[in-house]
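Visitor: The opening position of the sequence shown corresponds to residue 902 in the numbering used here, with each subsequent residue numbered one higher.
There's no promise every hint is true.
[Claimed, not checked] Each pair of labels, with its calculated beta carbon distance range:
| hint | residue 1 | residue 2 | range |
| --- | --- | --- | --- |
| 1 | Gly1049 | Asn946 | 57 to 63 Å |
| 2 | Thr1065 | Glu948 | 36 to 42 Å |
| 3 | Lys1005 | Glu1071 | 26 to 32 Å |
| 4 | Ser992 | Lys1033 | 55 to 61 Å |
Just so you know, the hints here were simulated from the structure itself, not pulled from any lab data. The structure presented is a predicted model; accordingly, all values stated were derived computationally and were not measured. Beta carbons: idealized from backbone N, C-alpha and C, even for Gly.
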Amino acid sequence: MKTLLMTLLGAALAAAPLRAANLPAGAKPAAKPAKPAASADGFKNEEERTIYALGYMMGQNIQVFTLSPAELKALDGGVNAGAAGKPAAVSLDFYRPRIQELAKLRMAAAAAARKEAGKTFSDKFAKEAGVKPIPEGGWYKIVEEGKGALATAEETLKVHYRGTLIDGSEFDSSYKRGAPYPVSLKGGVIKCWINVLAILKVGTKAKIVCPSDVAYGDAGRSGIKGGETLVFDIEFVEIEKPAAPNAAK
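The task is simple: from the sequences and hints, build the whole structure.
Guide: Pasting the structure below:
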C-alpha cells in the first residue's frame, strides 16, 4: 500500500503544469490568445487543483514518519526520480521492508511524546480545586451537580459532549449534531467514559480528562493520533426510557 501511495505522490509532484484550456466553441481565433487570469490559489484549472489534492492526501499518509527537513528533501529526490523513470539510488528490495519498520518506530516515538505532554496536562488539571480521579485512570471535575439517578449497566444514557485535544482543538461535538449521544455502560465507548458516567447523576455537567490508556491507546482513531490525552465537556442529559410493550390486541 505504501509503495502505491509513494508512486502516486511522485507522479503528482512530477507532473508538468497543465496547458491553458482550448477556446470555447464558437469563439473567434486570435493570433495571440490572452493569458489566463491567475487564480487566487495559484492554480490554472481544476486538473491542477485535483493533482494538488492528490499530492496533499499522499502527504497525509506519510505524516506518521514525522519527517525532518533533510528527510523531506530525500523524499522529494526519491519521488521525482521514480516519476521520471530514473534508476533508484538505493536497493528497493533491501529498503522496502524497512519502510514499515521505520513507520512503526516513528509512530511509537510520537505516541510516547504525546503521552508525556498529556501527563503534564493531566497533572496540572488534577491539582485544580474539585478535581477527582476516575477509576482506572483519568480525572473529572463537576461543573454542575445533577439531581437525578445513577445509571445501571442495563440502561442506555443520553450524553451531550464536546471533545478536544489538550491544545484546545475540537475533534467532535454532539452539540453540533443537535442530539445527545446514546451510551451503554456495558461498552462501545472509551473506558474513561464508562467509568466516569457510572458515578455521575443525571443532569450533571462535568469536565473529564482521559489519558490515552483509557481512551484510544497508541493506535488512535480518525482525527485522534496515538497517545493523545482527550478532554471532554460532558452533560448527562437523561436515562433513555425503555420502549413501551406492545398493547395487547
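Visitor: Compare the structure with each hint and give your call.
Guide: Evaluation of the provided hints:
1. Gly1049 - Asn946: 57 to 63 Å: Check passed, 59 Å falls within 57 to 63 Å.
2. Thr1065 - Glu948: 36 to 42 Å: holds, 38 Å
3. Lys1005 - Glu1071: 26 to 32 Å: Since Lys1005 and Glu1071 have Cβ atoms about 29 Å apart, the given range 26 to 32 Å holds.
4. Ser992 - Lys1033: 55 to 61 Å: Holds, since Ser992 and Lys1033 (Cβ atoms, about 57 Å apart) stay within the stated range.
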